[in-house]
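Q: Add 369 to a position in the sequence shown, counting from 1, and you land on the number used in our numbering.
Honestly, the hints are just simulated from the structure, not real lab data.
It should be emphasised that the depicted structure is a prediction, and the values quoted were computed from it without experimental measurement.
Mixed in with the good hints, there may be bad ones.
Within a straight-line C-alpha distance of at most 25 Å, the following computed DSS-like cross-link-like pairs (lysine-lysine) qualify [unchecked claim]:
{"id": "1", "residue 1": "K449", "residue 2": "K412"}
{"id": "2", "residue 1": "K412", "residue 2": "K395"}
{"id": "3", "residue 1": "K482", "residue 2": "K462"}
{"id": "4", "residue 1": "K395", "residue 2": "K435"}
{"id": "5", "residue 1": "K462", "residue 2": "K449"}
{"id": "6", "residue 1": "K462", "residue 2": "K412"}
{"id": "7", "residue 1": "K449", "residue 2": "K395"}
{"id": "8", "residue 1": "K482", "residue 2": "K395"}
{"id": "9", "residue 1": "K435", "residue 2": "K449"}
{"id": "10", "residue 1": "K462", "residue 2": "K435"}
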Amino acid sequence: MRDVIIVNLTRMGDLIQSTPVFLGLKEQYPDVTTTLLINSEFKGITPYLPGVDRLITLNMRDLVRKTDCGDIPDAYREVKNTLQEVNDRVYDKLINFTHSLDSAVLSSMIRTKEVRG
Numbered sequence: 370m371r372d373v374i375i376v377n378l379t380r381m382g383d384l385i386q387s388t389p390v391f392l393g394l395k396e397q398y399p400d401v402t403t404t405l406l407i408n409s410e411f412k413g414i415t416p417y418l419p420g421v422d423r424l425i426t427l428n429m430r431d432l433v434r435k436t437d438c439g440d441i442p443d444a445y446r447e448v449k450n451t452l453q454e455v456n457d458r459v460y461d462k463l464i465n466f467t468h469s470l471d472s473a474v475l476s477s478m479i480r481t482k483e484v485r486g
């Protein structure tokens, strides 16, 4: 396994508690590259998360605001731009810690061979 992406968009506590997953991946697959896709509001804690090689953020608050205000085209562009960054590679596995319809739809647009969660 070479590339894994972990999606966590809604709960900072879940992100902190998922640290053993990052470490376990590195232990089991020493050469794996781990990408973390998170809510931009959680960015401040990421330096303290061991085992994360690459960080991609999505501003969920701004996305919800744009959607609520009817600015769907701009919200779409924001998601599209994030997905372009995410999909610069094909992941061997996607682990989705955000169990919601929104994250399931977003995860379905990520180029990956296997999805968990």
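Q: Please write out, lowest number first, the hints stated earlier that are contradicted by the structure.
A: Violated hints (numbers, rising): 4, 7 and 10; every other hint is consistent with the structure.
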